[in-house]
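J.: Residue-level listing of the chains:
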Amino acid sequence: MNMTQLVLLLGFLLSLIGFWGLMTRRDIFRMIISFSLLDTGVHMVMIGIGYVKNGTAPIFDEALIVEDAVGKVVDPVPSALVLTAIVIGLAVTALMLSYAVRVYTSRKSLSIDAVKELKW
Amino acid sequence: MIKRFIIVLALAAIAVGMYPLAWGIEDAENLSQIATEYVTDGADDLGAANLVTSVVVTYRGLDTLGEVTVLFAATAGVTMLLAARKPKKPGTIAKGKKDSGEDHSRRTGSELLKTGAALLFPIIWMFGIYIFVHGHLTPGGGFQGGVVITSATLLLFFADSDRKMGHTILQIAEAFSGAAYVAVGLLGLWFAAGFLDPRFLPAGEFGQVFSAGAIPVIYSLIGIKVGAELTGIVDTMRRSAS
Amino acid sequence: MVSPIYLIVVILGAAFLHPLFEKAGKTASRVLVSAVLLFAAALPVSWFVYLTGSGIDAVIVNTAGFQAPLSINLRVGMEETLFLIMINTAALLGGLFFMLRSNPEWKGKVQVLFLTMLLGINGLILTRDLFNVFVFLEIASISLYALISFAKKGDAYEAGFKYMIAGGIAAALFLIGVIYIYRLTGTLNIDGIIAVSESAGGNPGASGILGGKAGVTAVFLVAAAMLIELKPFPANGWGVDAYEASDPGISAMASAVSATGIFFVFYKLIPLFSPDLLKLITISGGMTFFFSQLLAMKQDKVRRMLGYSSIGQLGLLILIAGLGNILNSSELLAGFSIPGIPISGGIFLLLILFAGSHLLSKAGLFWLSGIMNAENINGSGTNGLLRKRPAVAGLFGLLTAALAGLPPFPAFWAKWILIMALAATGNYFLTAVILLGSLIEAWYLFRWFLNYMKTEKDTGDIHDEIVPEDFPLENIEDASRAAGIPQFSSLRSIAAPFISALLLLAAGILPAISLLTANGPAGVDETILFLPLAALALFTVLDVLRIPIKLQVFAGIAVTAVYGAIIIPDLDGLRMIFGIIFIAGSAIQMFPLANREGRHPGLMGMLMAMIFSLGNLLVCKSSLGFFFSWELMTVTSFFLIARGEKASGASLRYLLFSLAGAFLILGGLAVGGSSIFADILPGQADTETVSTILLGLGFLIKMGSLGLHIWLPGSYAESEDDISTFFSTVLSKAGLYMLFITAGLFAAPLLFPGRAAGLFPQISLSSLLGWIGALTAFAGAFLALFKEDIKYTLAYSSMGQVGYMLLSFALMTQLGWMNSLYLAVTHLLFKGMLFVAVAGVIYRVKTRMMYQMGGLISRMPISFFTVLIAIIALSGVPPLTGFGAKWMLYTALIEKGWYLQAGIAMFASAIAFLYLFRLIHVIFLGQLKDEHRNVKEAPIWFLIPQVISIIGIMLFSMYPNTILKPLQNAILPYFPTGIEFDGYTVLSTLGYWNGNAVMFVTMGVFMVPLIWMLIVQRKNTQMVGQFNIVFAAERPYKPETTHFGYNFFAHYRTALGFLLNPGVTRFWKWTASIAEVTGSAVRKLYSGNIQTYVLLIVLYVTIFLLLLRGGF
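Residue numbers (the numbering used here), protein chains in the order written: chain A, 0 to 119; chain B, 82 to 323; chain C, 24 to 1135.
Simulated from the structure, these hints should not be mistaken for laboratory data.
The C-beta atom is built at its ideal place from N, Cα and C for all residues, glycine as well.
Hints are not guaranteed to be accurate.
Below are the DSSO-like pairs computed for lysine-lysine, each with C-alpha atoms no more than 30 angstroms apart in a straight line [said to hold, decoys possible]:
1. Lys115(A) x Lys321(C)
2. Lys236(C) x Lys49(C)
3. Lys176(C) x Lys107(A)
4. Lys573(C) x Lys321(C)
5. Lys49(C) x Lys245(B)
6. Lys118(A) x Lys321(C)
7. Lys245(B) x Lys46(C)
8. Lys669(C) x Lys52(A)
9. Lys644(C) x Lys988(C)
10. Lys573(C) x Lys411(C)
11. Lys669(C) x Lys959(C)
A few chain B residues that face chain C, going by a derived Cβ cut-off under 8 angstroms, partial list only [stated by the list, open to error]:
12. Ser113
13. Ala154
14. Leu162
15. Arg280
Away from chain C, derived, C-beta distances all over 12 angstroms, residues of chain B [to be verified]:
16. Glu192
17. Thr196
18. Gln252
19. Met318
Construct the complete structure from the given sequences, taking the supplied hints into account.
T.: Encoded structure:
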């Protein structure tokens, strides 16, 4: 097993736990945490994809000069993407938590069983 | 019981479905083509030492503008949700809770926390500013800086949950930094090669704070905006509970 | 100059600066938002002008000063521009709706989120970068998530939370897909990915870079994420929740702006998808479309129903997109263009028609539901009130019709092209699914409409006569709530749906121009087919100007006469006969309408449109022209029936059956392919039996043939009294006309060709038609027999008469055809007389129950005389026209050897005589009712058509040749050898008929006893006064049961009553219940629990993924 596969497997495992939590936990906050796990797993997968064998962070300094950087750095694109994805995940989580607060004030419960008035 | 079985089945199906994504992938030997171009030309093009920053702020600058917008929308959403008028009888909420017997009001922070927070607040602020100002040189940037700044405010709230916030300043900072970000993008469109092109400012000397064109400017604006927005979210959430 | 950057910059800048404007005041922020929305709608229009003017395909704009794969680029092509125009216009109208509405107030964060959502969707449409799609998707989604909470109620919070979970999963799947696509192709640029995957292996996905397991999975995940955003069946419960719980203005935007924009991204990504994936997408789209309609049908909340409808419509778009490559090969689609749009052919035009039509109509209905405070589908509390708001009601009807895809709206044209293209490429199953789904959709949409339109007295399920159980003790009028105007919330915001309705009308005309005028693919100029719409518009203007109804009626008669004078002379024989029936018949029967007082908004407009579309059936040259006129006739007649006081149930059933008929015809046209307007002569076989059967069923539904008739009695009887006559005498013959025109199809082919031919050697379609005709004639007469309600008697009678026409037609002999046409003409006269006379009677006596009438001969002698003449003409006794008809019918039947059918027809005639006898006896003879002692003769307007018809009947009876000769000439092309005439005598192999002689002999037979009675037996004859017979002291508890006219034929009912068992009605109810049960069963999936929905999403994704990969 190589480095990429390890990260990918862990990432997918985390996502799977997230899915499991989303489908089985009755508490809204636990569901939100499960969602964060799912999201984080995906971010790990993204990072894993960007890994290049024996690569380092793509920041130039004395140790890493432009001329021979190719082959020494990991792919900067997934890093950039994951940065964006994390922030978006944060925004989504914040909004979800606000919804949880509102659901609680209107239904007086944090159980997902109280949140199925709309159906059929 | 059947439901549980189906859930297990579904999880297994995910695992099977994702299996080729996890197993078939080897460590990459080479960079992708655009990554190679970024690595070889990025520093010359933009003059930023942190290549991820170049990608985030410039090459994929539209993503980042979008990202700021996402955060902005989320802040607006949180405000709309939580700043809604309170239910008329606040007592009804407490009744529904299991632990209604307990004192619902929050404790104020201990003396230690208060003093520590007051002491750390400016330092954390400074650190946050440092992070976004040096985003093009070191790992870091506007988001990270903004989050660090927010953590300082959060610390203050921990120490004193009833602390007043200057909303007008927050709003102006948020609106101004956002509009300025868009304006900087337009300057790139008018005075350089395209929207969000930072090269309308001189590239400067590689590795210095004042270099890489407008990248530090953009990152600073992002830092202010993210800081203001996250602080706004934290503040709204705090007030909605009290 | 095209500058998509400014679109983003302006919206975003305004959103960022909004808090500062808010500080300056409410007006400032409103002005800001309105200005931005206006700009966003106007800018793409300028691009449109630029792109059409310069002929440039697309403008690509790079950002950050670097070329595309390095940076993110935006594309402005015609596709993007058109979608942006549509979406931003909808957003502008949405802003207008909010701004004009007073509660809840349009201010604060909701404005900001509205702008960011619009920004997200605009970015989605413009960007060509896969990850950038994700970013803009999240902007749009998060804004929408937050906007759901604008309704500020528990349900909205619940819906928002569920929506977020589902959206979050979709986003996660999308990210995984994107990052692997980047890994495999080395780029995030969509064009780059397409280029790389194609260059490496021809077909994307089949082989090449994205063809491995990882590649297939990655592309699938991207597609699946987009599909989940578009809410596929069954993984879409959270979507309908959001539509239901949100503020109506937000629901409108979610459907019009958000969903349409996301669909465009999906469309943009299609080149990435492999044929296998596209197949799955098509299946998913089809399932979504069909099941959403089924589920919508079961809803009782208005916005939830509209939500399902939205999802269904998107399913249709997905289906079309998935079938793109197949559909593009169809000839019709390749030649299709919309004037002013420089894209010709291809599914894109289809998509834009469907998407645009849906966007405007759905948003309009969501807005309207908010304005009308419509929560429940049954509209309790609004009953009848909407009728007092004709403008709102009209708008409601327009938007509903547009959404249901009725002409002249864009979806109608799109549906035509889609069905034709599907059938041309052999996708018969999908054709059936789409038509069935559309039918269900029209059903539930119009059910909603009618529930809101119906009056207080209307229970909504009246399909047959209702005999009052007892003497009405209470006056029903008192019970009706007199509350004046319905409670609308902020009527001002109706501007938004109003503008969308106008835009829909305009958008409907464009494709029509391309399809029906000389510029279209067929090259046939059929501009005249727009005449009904022009008439509708003109008379609507007259309504708005409050022109009195009398003037409108006269104008209508004049216009109809001019129209007839222009088109009839140019028609060939057969068409001319029907032209006279349709147009002259209608013009004459419009006189009674002049008796009306007050305002009747929409009445004349709809009537004129109906008459013109009926007339246009005669002049249309292409299949589309025919279908357009046919559907227009259906729609306009539906709205006319719906005007009836208790007609909501009947008119819904009418619409359902008429549309089903129209869809069968559409299917027949699509399968048959060849034009049906070639006047195929009898004997010329056409091979497409399926097509013929579909067409035939469609026509038979219109004629109300037995088994397909259950819509007929209610529609004829419950429509307004002076309107019913049009349906019975004119409209019912549209089906007959089409049978004549397409007769060649029915003449030859066996019902069971091929292998089974040995078993059923003799069954040609025409003989089947003959049997249907005979049985219809029998059933119509029989059902008419037992009705107490005079209009139901007449309705069933009409059904029976049309049965005779069908029977005669089916003979496919010269005499048969002549008789069929002869019946058609004379039926117009005598049934018109009956309906108008009866309308006059009802107008005077205010009841439709025959047993409540009686002795009216002294009060209404002219009406009596009319009815007398009419029933003599109808029943077939000498000397009037009916006798000639019967003579020809029996002669022709016996010549053909159809003895059994002749027997049935004879029996039916006898029954017809019974109910006619009852009709005249109970109404005009016997005791005059006390309360009718002062009734007057029917108003002059009712008498005019009666007198004209009497003259016609008399003329044709005395001189049959005046009509028989023209009829013979009309069918000369089909049957060249003439019937022998000898003076006034018609000769056949079995005998002869001299109308003149019959008349004189009968007159003599009648006159002699009369004279004998009046002169010789003068002393023994006396007039019987009303109180000659008296009741015993008491007033009976149930007076009607003591009236001699009540249950007049009780003895026959005892003998033959078993035939009355409504087996046909039961069959159709059973059919409907299948749909209901299926809908209920499927509904169980929507448990309301988000965890179930997550599970459904996971199952949906994984099952499709494993199907796509063909295993593990």
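J.: With reference to the structure, classify each hint as holding or not holding.
T.: Each hint, compared with the structure:
| no. | hint | result |
| --- | --- | --- |
| 1 | Lys115(A) x Lys321(C) | 18 angstroms, holds |
| 2 | Lys236(C) x Lys49(C) | 56 angstroms, violated |
| 3 | Lys176(C) x Lys107(A) | 13 angstroms, holds |
| 4 | Lys573(C) x Lys321(C) | 43 angstroms, violated |
| 5 | Lys49(C) x Lys245(B) | 26 angstroms, holds |
| 6 | Lys118(A) x Lys321(C) | 12 angstroms, holds |
| 7 | Lys245(B) x Lys46(C) | 20 angstroms, holds |
| 8 | Lys669(C) x Lys52(A) | 79 angstroms, violated |
| 9 | Lys644(C) x Lys988(C) | 27 angstroms, holds |
| 10 | Lys573(C) x Lys411(C) | 20 angstroms, holds |
| 11 | Lys669(C) x Lys959(C) | 26 angstroms, holds |
| 12 | Ser113 | 4 angstroms, holds |
| 13 | Ala154 | 4 angstroms, holds |
| 14 | Leu162 | 5 angstroms, holds |
| 15 | Arg280 | 6 angstroms, holds |
| 16 | Glu192 | 37 angstroms, holds |
| 17 | Thr196 | 35 angstroms, holds |
| 18 | Gln252 | 5 angstroms, violated |
| 19 | Met318 | 14 angstroms, holds |
The earlier numbered hints that this structure contradicts are 2, 4, 8 and 18.
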